[in-house]
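Could you put together the complete structure from these sequences and hints?
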Amino acid sequence: MNCQDHWHRGRDPRAINRRWFLEQCGVGLGSLALGEILREQGHASSPADPLAPRATHHAPKAKRVLFLFMAGAPSHLELFDHKPQLTRFNGTPPPAELIKDYRAAFIKPSAKLLGPKFRFARHGQSGAEVSELLPHLARVVDDVAIVKGMTTDAFNHAPAQILMSTGSQIFGRPSLGAWTCYGMGSESRDLPAFVVFSTGKKGPSGGGSNWGNGFLPSVYQGVQFRSSGDPVLYLSNPPGIDGELQHDSLEAVNTLNRIHQSVINDPEIATRIRSFEMAYRMQASAPEAMDLSREPAHVRALYGAKPGESSFANTCLLARRLLERGVRFVQIFHESWDQHGNLTHDIKENCRDTDQACAALVTDLKQRGMLEDTLIVWGGEFGRTPMVEGGGDDGRDHHPNAFTMWLAGGGVKAGVTFGESDDLGFQVVRDRVHIHDLHATILHLLGFDHTRLTYRFQGRDFRLTDVSGEVVRGLIA
Amino acid sequence: MAWLSLAAGAVAGDPGARVPERVTFNRDIRPILAGKCLKCHGPDARERKGRLRLDLAEFATAPAASGNRAVVPGRLAESELYERVTASDDADKMPPPKSGKSLTPGEIELLKAWVEQGASYEPHWSFAPPVRPRVPTVKDHAWPRNPIDAFILQRLEAEGIAPAPEADRATLIRRLSLDLVGLPPTIAQVDAFLADRRPDAYERLVESLLDSPRHGERWARPWLDAARYADSDGYEKDKQRQVSFYRDWVIRALNHDLPYDQFIIEQIAGDLLANPSQDQVVATGFLRNSMINEEGGADPEQFRMEAMFDRMDCVGKGVLGLTIQCAQCHDHKYDPIKQDDYYRMLACLNNSHEANIAVYTPEELRRRGEITSEIARIETELTHRSPDWAERMADWERRMKGETAEWTVIRPEYEEESAGGEKYHLMDDGSLLAGGYAPTKHTLVLRARTTLRSLAAIRLELLTDPDLPRGGPGRSIKGTGAVTELRVEAQPPDGRGQPIAMKFAGATADVNPPETPLDPIHDDRSHRKRVTGPVAMAIDGKDETAWGIDVGPGQRNQPRKAVFTLDKPLAWKGGALLTIHLVQNHGGWNSDDNQNLNLGRFRFSVTGQVGVVADPLPAPARSALATPRDRRTPAQARLLFSSFRTTVPEWRDANQRIEKLWHDYPEGTTQLVLAERERLRPTSVLSRGDFLKPTKPVERGVPDFLNPAPSGAMDRLGFARWLVDRRSPTTARSIVNRVWQGYFGTGIVSTSEDLGVQCEPPSHPELLDWLAVEFMDGGWSLKRLHRLITTSAVYRQSSHASDGLLERDPYNRLLARGARFRLDAELIRDVALAASGLLDDRLGGPSAYPAAPAFLFQPPTSYGPKVWNEATGRDRYRRALYTFRYRSVPYPALQAFDAPNGDFACVRRQRSNSPLQALVTLNEPIFLECAQALGERVIREGGSCDQDRLAFAFRVCLSRPPAAEEVRTIMELLNRETRRLSVSGHGPGPLADSPRTAAWIVVARVLLNLDEAITRE
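Heads up: the sequence lines are chains A and B, in that order. Using this note's numbering, read the first sequence as starting at 66 and increasing by one per residue. Using this note's numbering, read the second sequence as starting at 105 and increasing by one per residue.
For the record, the hints were derived by calculation from the structure and aren't laboratory data. Heads up, some of the hints might be wrong.
As the list claims (entries may be wrong) - Chain A side only, calculated, beta carbon under 8 angstroms to chain B, not exhaustive:
hint : residue
1    : P200
2    : F236
3    : S263
4    : D313
5    : T336
6    : G524
To be verified - Heads up, simulated DMTMM-like pairs for lysine to aspartate or glutamate below, C-alpha to C-alpha not over 25 angstroms straight-line:
hint : chain 1 : residue 1 : chain 2 : residue 2
7    : B       : K800      : B       : E780
8    : A       : K173      : B       : E974
9    : B       : K143      : A       : D531
10   : B       : K797      : A       : E162
11   : A       : K177      : B       : D598
12   : B       : K205      : A       : D526
13   : A       : K177      : B       : E519
14   : B       : K800      : A       : D218
15   : A       : K266      : B       : E974
16   : A       : K173      : B       : E780
17   : B       : K442      : A       : D531
18   : B       : K545      : A       : D458
Claimed, not checked - Ranges of calculated distance between the beta carbons of each label pair, as one might list FRET restraints:
hint : chain 1 : residue 1 : chain 2 : residue 2 : range
19   : A       : S358      : B       : D272      : 53 to 63 angstroms
20   : B       : F809      : A       : G456      : 30 to 40 angstroms
21   : A       : R204      : B       : G601      : 22 to 32 angstroms
22   : A       : G456      : B       : V513      : 55 to 65 angstroms
23   : A       : G456      : B       : E754      : 56 to 66 angstroms
24   : B       : E226      : A       : G539      : 48 to 58 angstroms
25   : A       : K413      : B       : S522      : 25 to 35 angstroms
26   : A       : K413      : B       : P380      : 54 to 64 angstroms
27   : A       : R204      : B       : T773      : 56 to 66 angstroms
28   : B       : A191      : A       : A349      : 53 to 63 angstroms
29   : A       : G456      : B       : Q713      : 35 to 45 angstroms
Note that beta-carbon positions come from the ideal geometry of N, C-alpha and C, so glycine has one too.
If you want it as structure tokens, here you go:
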């Protein structure tokens, strides 16, 4: 019996599951046996399959995460945090004590206050206040927790994004997605555990370090997908290599690898064989997962998705398809919210591009019964200044002290508005949630004690939340 | 159980282990304390609980806050430590349950035995300088080839394991080639080695590989990882930088076997050596490999400090083998590095400019030398030709001295929002130094007050500065800048009244280049004809024209000045409030790239004198003129003469010849380096590492638990010498451990970035010390170390593993077999390139752009559009070491195989095994091109029958002939694909002209994808 039997039998490679592989392939048993040995000897950090599903510290409420990273930093003052006082004091300088020691990226801290540009109204049974720019979200607010007391430490994009993604402003730490996969493993045998999309006007300021594995094993790194073309780099067979040729070649590669394995007896060869198997399966399963035409028209309409486009809406629908197929962590970077100027026009356009699909995710996951164990996180790296930027009274600078995010599903309390900023939306005055607290809470929902999900590196047990972070109980259902 | 002191220590993680007869602190106790206790009872005073410190005997045996002693040597019952670790009540139990840590029964037993045996402490092994240990005697005298083997064998004999037999010769030459030069051996090399029956054939092979220039390329890569080398800045903009001279320096240094101590000294402080060569200055690029954040609004000082922290981390991991960055925010929790120590070390490095200098290839250096000596020759000739030159020059000097106006420097404030995210720092001399983000178009608005009663002219000085590209005075990559327009408004000094736009009668400057179109990099895609030219262009009201200062590579990076005269002097009582609009619109379309043409450092002055013009003398010449003749340096004298000669009408020809020579001056390239500041920059301890929260100032110094500071100044050079002092306990151990790691996959200390208290204990502690001392005694020669390791018997073992051995020693820490591990990312590409014959073997030079998907470098994948001009010629097939490295968009084929992206120092790569790697070697274009070229090569060179061809292909890829079973598998594939591709309606497709060639390409692709092809074994 050989590991390529299913090819001869014409079986869909996607149907080949892990158990089959282990049962049918002696090599798989070899590596499993090795894994046992390693565990017995206390090398729990190097199990045979670093992506095997793993038990968490406590029962997880969320089994997968969809992080909608609104990079560039959306204005909380235009979207969620309604500040009538800001309207009242429009055009006047901010109180001196408020801006003492305040540093801004572009403006003088004493720049005049700028009133909100849009109207707000209360929605749903929860009565959550949402701006007129988010009519779709307004319809699902009862499923969402709006967190108005967010605060962060950095006010430049790249460091702030890296802080949001990795818990540190220093580049090179593992990302939230990587930690999640490190802790939980993967439920998909033929798709990456951690998938990343970029849908905005540009890529995120922090670049690939936003989904890096840091010092964790590199299998936990986010894999960039594209919503059009080859979803994964080098997924398609190159010109001149048709399906049969690829199949025959892989069979030969694995046969020769097995011959060599019988001589040299290195379990790494068994792993290599498995990697080629999985690559082959991924070649079939990834395009299928990414094929929006397989979605019924009404679902596409719900998102506003149009097959063939590389839009945020399409990407959200793809994300749902990937989550359904066992992908643990999907992160969509939508970098287009940096409204130093042209605030009114651009934020309106951004909401038009994103609001419907964000709300559709909530609706769609809910109707599929997936919302209860899928955590959705929406937000940017910081907020925007209540003070104006630019002569046209139509822009805001970076503001780390207070901003808004929302969470839904995955054990999050539904229909709450949590925390509060002051009358100008400048400082958090109630239920402050620091990035570390957000991370602690997300890990808690995923079944982890954030102080115990650690990795030994450079002589120290590192964790996502470094030395701080409190689980925000008020956000947990 | 004889598993002692391997990996996690004697019993850590192994509850069932027995307690050894004699407990030793470093082996048995320290790992327990470090892992479970020291976080709260360690060196960090602020985190310390109960005033108890367990890492040092004097504190552990003293009464703690409770009044009890944690450790009373020999008296278990009186030792609070034992009571607490065995407490059943959660409130008393140590470690506290909520810490998430607990002791195993085995660990508790060890602690018990340790206290009973007298609780003796030892200093952490790596903090005492290595002493050459005695080479152990072993039973098997036949096996060891050098002392390394005795250390390994002693352990194996104790474990009752026999070493593996020597690998076969084909395996050995492939292993040696991959290890020493990073390329597989050619068939001819294999044949020659197989046929070489001389007793020292192996040693000769080692020598020839060590002599190969490829050796430097192979071993440069791990050092470049430690040096966090990348070709871009990182962060949001992630702009290109030019640092390949540094990479070439590393390659050359390794090829020349520059002693490691000197290798470090030059990288930390090469610029401070006496009469440093260009190479020695380039070496300081090591510390400059830090990331640079120039996103809009970023504070340059904040990110300079981030870079300083990164440099400390790099020096810690890369040179000292210690993780010191914990002490950035607080005393180190495990190692005795205090926060003060950290900032004292940082102070040694903190007195530098972030310089960016022009550097030249050897050919350019030669050309530059020719030009300067030719100019000197012509100038000397002029003096010979005109005997009265000295008097005429003295006349000229007198005249020039008289032609100076009284200028009053104004100290402006700038409107933050007008800077477009750029930051301007007001210097002591009233100039503004630009830093951070560099928008390609912005109009800076400055406000300044003058008390002059009459205002007749305004002077703009463009000043050089070591922190600017090529020294400035501008911020473009050439160090140039341009003034699109200068507008000035005046108001009465009380600020009342409408500002009046001032009219200029004219402008003069000390440089007025002819009208020149902008460089392509400054194209703003407006399709307008945009130019730089004489200073009049700064006041012509046109956005397309600007005053430029680019007069060619030899003379462009000099201070310049322009004087703008008012059409009629402004005469207000009490002076005026000036608003200056400095329009800088001559950058390109993309502010996320290196397209700015902004001013870098500049200063405004005003005068009431009427009729003044810009001083035609360059600033350095003016200062030479002010120096009394007998006190001028020869350089100053030459400088003055060079100005003088241009004023002599009959020397027109000579002047023109000299101008032409300047015109031919080589452009060179640039390199980020360090340059020492004149005035010492103060350093303070920063509260929690926050650059806005300095607490107390510190002097330059080093921690006292390491070797003492050398006498003399602790500047960067003193610090560098301290790092490589013979008495340094960790420096030599750290590098020999990493070289060992390169050969065996794992270091003797597996945590090669950290030899501190928390490190994994060494598998062979005495061998590590022996190697470290031997290395230093051998003149810190890396090649000698490579030779020593590769000629040992332990290195030459076969990597075949028996089931029993695999079970007993899965990580091969005992080294009873040869090491077998996947090649590093770059070598995987290099093997394919070499096997295919495509490899371009030019040594050094700028980074190359091999094939990559274009969308990676464009939004929304990349933050900004990035340059990736995919190479079509030889550059496409350069060794992967030379692949251009963007930090934010790592080259995918390398990233998949764990190449680090240079965000921080990396001294130990991961070695993953993933499906994405399979997709790369199967489907990535360059790998496919390699398969194609190899398939064609096999037909061309592999012989006349398929059996020969297959043997050829195997030997090219794997350095060995195929076994019968392998031949069968491949022949089956070859014939099947030939048949399939021959049937009508199918054809060979784009791979090749004929089905047979296509089928051979398929075979080549299979071979290049084998585990064995990407593994050294």
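Status of the hints after comparison with the structure:
1. P200: violated, 25 angstroms
2. F236: holds, 4 angstroms
3. S263: This hint holds: A/S263 lies near chain B, its Cβ roughly 4 angstroms from the closest one there, short of 8 angstroms.
4. D313: Where the cut-off is 8 angstroms and the nearest Cβ of chain B is about 6 angstroms from A/D313, the hint holds.
5. T336: holds, 5 angstroms
6. G524: holds, 3 angstroms
7. B/K800 to B/E780: Roughly 23 angstroms between the alpha carbons, so the hint for B/K800 and B/E780 holds.
8. A/K173 to B/E974: violated, 43 angstroms
9. B/K143 to A/D531: Roughly 14 angstroms separates the two Cα atoms, so the pair holds.
10. B/K797 to A/E162: holds, 19 angstroms
11. A/K177 to B/D598: Since the Cα atoms of A/K177 and B/D598 sit roughly 23 angstroms apart, the hinted pair holds (cutoff 25 angstroms).
12. B/K205 to A/D526: holds, 11 angstroms
13. A/K177 to B/E519: holds, 14 angstroms
14. B/K800 to A/D218: Given pair B/K800, A/D218 holds - Cα atoms ~23 angstroms apart, limit 25 angstroms.
15. A/K266 to B/E974: holds, 24 angstroms
16. A/K173 to B/E780: violated, 33 angstroms
17. B/K442 to A/D531: Given pair B/K442, A/D531 holds - Cα atoms ~20 angstroms apart, limit 25 angstroms.
18. B/K545 to A/D458: holds, 21 angstroms
19. A/S358 to B/D272: 53 to 63 angstroms: holds, 56 angstroms
20. B/F809 to A/G456: 30 to 40 angstroms: With a Cβ separation near 58 angstroms, B/F809 and A/G456 fall outside 30 to 40 angstroms, so the hint is violated.
21. A/R204 to B/G601: 22 to 32 angstroms: violated, 58 angstroms
22. A/G456 to B/V513: 55 to 65 angstroms: Violated, since A/G456 and B/V513 (Cβ atoms, about 30 angstroms apart) do not stay within the stated range.
23. A/G456 to B/E754: 56 to 66 angstroms: holds, 58 angstroms
24. B/E226 to A/G539: 48 to 58 angstroms: This hint holds: roughly 50 angstroms between Cβ atoms.
25. A/K413 to B/S522: 25 to 35 angstroms: holds, 27 angstroms
26. A/K413 to B/P380: 54 to 64 angstroms: holds, 58 angstroms
27. A/R204 to B/T773: 56 to 66 angstroms: holds, 59 angstroms
28. B/A191 to A/A349: 53 to 63 angstroms: holds, 58 angstroms
29. A/G456 to B/Q713: 35 to 45 angstroms: Holds - the Cβ-Cβ distance for A/G456 and B/Q713, about 37 angstroms, lies within 35 to 45 angstroms.
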